[in-house]
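Participant: Residues per chain, in single letters:
Protein chains: 4
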Amino acid sequence: MSKRKVCVVVTARASYSRIKTALIAIQNHPDLELQLVVAASALLDKYGSAVNYIEEDGLKISERVFMVIEGATLATSAKSTGIGIVELSTTFDNLKPDVVCTIGDRYETMATAIAASYMNIPLVHIQGGEVTGNIDEKVRHAISKLADIHLVSNEDAKERLIKLGEFEDKIYVTGCPSIDLAKDVLDNPEMDFDPCEKYGGVGSYIDSAKPYLVVMQHPVTTEYSNAKSQAKILVEVIHELDINTFWFWPNPDAGSDGTSNALRSYREEFPNNKLRFFKNMEGRDFLKLLLHSKCLIGNSSVGIRECSFLGVPVVNIGSRQNRRLRAHNVLDVDFDKEHIKDAVLKQLEKGRIESESIYGSGNAGKNIADVISKIELSINKVISY
Amino acid sequence: MSKRKVCVVVTARASYSRIKTALIAIQNHPDLELQLVVAASALLDKYGSAVNYIEEDGLKISERVFMVIEGATLATSAKSTGIGIVELSTTFDNLKPDVVCTIGDRYETMATAIAASYMNIPLVHIQGGEVTGNIDEKVRHAISKLADIHLVSNEDAKERLIKLGEFEDKIYVTGCPSIDLAKDVLDNPEMDFDPCEKYGGVGSYIDSAKPYLVVMQHPVTTEYSNAKSQAKILVEVIHELDINTFWFWPNPDAGSDGTSNALRSYREEFPNNKLRFFKNMEGRDFLKLLLHSKCLIGNSSVGIRECSFLGVPVVNIGSRQNRRLRAHNVLDVDFDKEHIKDAVLKQLEKGRIESESIYGSGNAGKNIADVISKIELSINKVISY
Amino acid sequence: MSKRKVCVVVTARASYSRIKTALIAIQNHPDLELQLVVAASALLDKYGSAVNYIEEDGLKISERVFMVIEGATLATSAKSTGIGIVELSTTFDNLKPDVVCTIGDRYETMATAIAASYMNIPLVHIQGGEVTGNIDEKVRHAISKLADIHLVSNEDAKERLIKLGEFEDKIYVTGCPSIDLAKDVLDNPEMDFDPCEKYGGVGSYIDSAKPYLVVMQHPVTTEYSNAKSQAKILVEVIHELDINTFWFWPNPDAGSDGTSNALRSYREEFPNNKLRFFKNMEGRDFLKLLLHSKCLIGNSSVGIRECSFLGVPVVNIGSRQNRRLRAHNVLDVDFDKEHIKDAVLKQLEKGRIESESIYGSGNAGKNIADVISKIELSINKVISY
Amino acid sequence: MSKRKVCVVVTARASYSRIKTALIAIQNHPDLELQLVVAASALLDKYGSAVNYIEEDGLKISERVFMVIEGATLATSAKSTGIGIVELSTTFDNLKPDVVCTIGDRYETMATAIAASYMNIPLVHIQGGEVTGNIDEKVRHAISKLADIHLVSNEDAKERLIKLGEFEDKIYVTGCPSIDLAKDVLDNPEMDFDPCEKYGGVGSYIDSAKPYLVVMQHPVTTEYSNAKSQAKILVEVIHELDINTFWFWPNPDAGSDGTSNALRSYREEFPNNKLRFFKNMEGRDFLKLLLHSKCLIGNSSVGIRECSFLGVPVVNIGSRQNRRLRAHNVLDVDFDKEHIKDAVLKQLEKGRIESESIYGSGNAGKNIADVISKIELSINKVISY
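Chains as they are written, first to last, in this note's numbering: chain R, 1 to 385; chain S, 1 to 385; chain V, 1 to 385; chain U, 1 to 385.
Calculated directly from the structure, the hints in this document are not laboratory data. Among these hints, one or two may not hold up.
Chain copies aren't distinguished; within one or between two, either way the pair holds.
Capping the alpha-carbon separation at 30 Å, the derived lysine-lysine pairs in DSBU-like fashion look like this [what the hints assert, rightly or not]:
#1 K210 x K350
#2 K46 x K274
#3 K279 x K232
#4 K228 x K60
Produce the complete structure using the sequences and hints provided.
Facilitator: Printed below as a string of structure tokens:
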């Protein structure tokens, strides 16, 4: 019997860590053949070249798909998605997968979902049924409507998908593969690298043995024009807190050029501060850096998901993660300089927090490969109402 | 106060009759400015050049957007949607609408929905919340998830959208504008034109004063490879029934070349039969033709919607309209030659059927313009669960 | 030693007969591996599905590339070329050819030339150095400037390319492969099929044993708006001549919808005339039909090229072939009803004309394969001035 | 009489300084209406946001066209050109220009040329007829073949175009507008700004009153894989020369990510050196910086063109400007560390060089506007052979 061909499209560094253990499990599964497509910002130096980590992890890449139109305006986000559909439909025509998997809610993920569903290829959506609170949420639930099979992080997501009209027998709670990586780090917690030395980056040298913060702030696409001013505020907060800080550059959503500009200005204005900027970090190292940090600041979903399992205090800013399921590690604030500063100080007082398994318990990758190898594949989907 | 700019994208002949009275009402509304974009197959001679009727109806066209990649394979449907996003995002950038409207569930409708929602323009979806039973249904509900406001045909659709997680205060029951046209025809029922004389077409002359059937069969995208053989069967059914028949060509979904081929072969095989083929007909004339027909055969939604109001018997074939709300005029059959023939004979016995208002009562266009002129516009959408 | 990978992109039915014997010779050459890409109108039913003939001829197709945006306006021609570049650069990335070949001067041929030269793949241009007299000429010479190697039809073309700044050692006179097919037909001249029976078509039955004309008229892209009226005039000429006529449908340049419309109107206006319309014909059969015809009328290059070798009288209309090298079989006229009629009558008086070898002597396919197998491949091109 | 609508498409910072005075002259001309389209890298922060300077110079922008697909591989250069054609054909459809102007030989310039010529809009090419020695040359001469009118820098270019088959009456020697800017700087030579203070940049502070070098090195697209290693060599040369140096970042051709990487590594390896990196500089300031520099090093055409007029010594490296017309200010070397170093030392000894007018004498902008206002516009082009 021939192996079931599973095409997974990875479009960003963040998505890769949300799927890595599943990719490895699919590649190693006796009944599955992995067709890995690396696309969009996952290919770009500017956004951390996830493609390099993918290759280092021993995953074989079937195709590379360039689809991001430069400019980071709202129109270029839309156009990049359009180009992605044009390109991925060729890719699927060539690879002829039995099933296509897409992950999460990033704007360009829609390109995978449309190309697959319009070409009558069964579509698996990983991370459906969650809520966040912005354009991402529109995209995520729209993809759920195009998807034939849902592999979700927790019972909360499953219940939501059922309410949203999906049939229960098409939904599998596998946990989120990002927690698999967090579990591995919790099991092997020693800080075994020097961030500045290993990753270069720009700014002051920071000793990771001393207390430090981590910042990861993404532009919010529905607040596009504010991207620059918000980044500026955050830069000032960190400056006033005066604690060593590792700062990660944002992903290529609309607005990211604004953020980058603010960071660059800052770097030139305050050359001798306690900041170190990175564009990216190997996933495992990043989790270790988080695990040993005093607090994560920003609006990254990593604060809600991985940090809940790692027990790291998080100050979550603004609307981007609005309605996502939270553990006790998260303190929410709006985009106000003083509120953010106060919240960080509160979290620093509390210290480490107990690990919670609300997004999985560490075996999601294996679960996902198993489900995909066994499910009945079909494209004749209806809703339950 | 400046007028609210309402951009409506019409992508097909069928969609045009689903929106025509609303377009006129928007154009005439004192607080609204219509920005009419005619795109995709609505521009193409091969699919009936809806654009000509639009101009004859006195509507001013703001932009024409060519986006259909020739080939009618599944991949070209996907690619056309991708090109549509690339093109429409430019269009929206130029027109700067306050709100974008999209209609129904055709594959390329997704291009409008993605371009608008990714560009942070409030999106109104007309005809959401209905069910049909195939790829169209995936597309329709996915668009509902991207839409900020829903203007629906009936309470059934409203209830379904609420169950699907949309907020009640974002849903307005306006009725379907296609029923506005049907009402006008019911009010003025006389058959005032000769179809063959007015529309040319190909085949035998048919006298519309004598009993006749109408056929309108679209390829079903999830049964792509069967398009040709199914069209053939239907051709044989009509041949055996031996009643005068007006037959309309299909729309440009994947598979339509297959259907066209079968029809062409037939025309050459049986040159002296009782068939007349048309590519299209002005909406009002088409409804009159239906009103006076003995039965509509095929899988067009016109059988389910307009014919319920007109009281015309319908033999609905196959899965395309599977789960759509039906009145008493519809008899459903699978794609079997004998079953189809039997069903037509049964409907011919019954004769005309009482008018039902399950898709509106004839004032939808005005309702839609009124709602759009008054609603609060916002893009910060969440689902209700 | 691995074989040299030769990627040839065929974009139209007409281009296929200009390259067919070369494709076969490349496929059979011990040092070459053919990578055949069938693209654009060569894939479309509407334009004769060259792809079917290609497969019947035993050629293995590596990729199919859909790139034609429907609409046949000038803008869609440009857009189709743009999409072609996007698609073909993916194709070349996948196939990794050692050399790419492109043929002639059709608008979409530019897509092949740009994709190859921008990707640093040596580009061979077949049929460079010829002159015609319209937009095609701009395209042809622009492609010559992008090409690294030129395989031309005759010394005239070679001399022109040298004058245009190309180096003599990059130009090979191979003859045109279309003449290879004409030679085969001259060697086996018997009319061994019935056109109407074998190819169907639309219109009256015509007996090919009796005297007949052939019409093949393409829209001229720089006279776009006239396409429809010109087709009408030609229809009238044929009607007044009152001789049996085989008429072939035009190719998908901008304006072709106009031509098709005029032909369709005519077919409906004069149902019982002496006309038979075909969309296409297998190349060999078409050449036999020409060989036995009394005269070819229109603006097809087949009149200038193949007919010079076949010795068939030609009435060449308008500017499309303006400056192309002619043999004694061609009579040129402008687009005037009376002038065209007079010219046809003159040609009918003359009868058959002696064969001339100005476009090759029948072994071009083999020559082309041999040159491609031996030339040094390089992309570092300069001009000679 | 309505004004002649002149659409100029500017795609890069470098192209802007090649056309700036012409744009101003067109905007101010009583018989012309400027339709300025800013596209491709001219819109991108990463490549110096020429768009900002354009607005500061008081030019009104009609449309912005994003078309660069991120990735900087050869395939993305091709794809960007394809997208450019798709987008610009919409732009031209909207603006309906009487004539389109394109400048130079950059890869994406082809998009303008194809969109205009395929849409039957007369095309003016500025800077045709020059030679350089790489892919740019293929593009430049291919565009000449698509162009209807040529506005060239000097008699040398005119003679070459005539040899290449263009008609003399379609060629106008206007001079190059970049020399207009150089003339203005020669007329007002005082160094009236501090580069580091005004432009920020990254690296050490450099006092422009002391002797300094300028580096401007572009990746060579036909030597793609070497981009990184070549940038490294150049970095070492400058390090060993140990003279203050202003270094400018490259433009977004294929290979530019490689160059950027090398520069970044260096900046981190040698933090306290005599280097200052800039992404861009307002044209006039850049010319002043050149005027007062001891030597320009690299492969930029500015060394060949503007510096010939300014009398600045230049060390021109590698093949990029291979065959361009030179004045006495240029010393050519291959890409060898020692050869480059020696050449710089030789130029430093010589000092300033006499101004030469081989690319114009300072009134090109006005000449261009005058020619465009008076020429007969036509698209029916043939070559002269």
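Participant: For every hint, state whether the structure bears it out.
Facilitator: Evaluated hints:
1. K210 x K350: Intra 17 Å, inter 56 Å, cutoff 30 Å: intra-copy only.
2. K46 x K274: So K46 and K274 pass the 30 Å test inside a copy (23 Å) and across (26 Å) alike.
3. K279 x K232: Both: 18 Å inside a chain and 22 Å across chains, each within 30 Å.
4. K228 x K60: between (38 Å within a copy, 25 Å between copies)
The structure meets every hint from the earlier list without exception.
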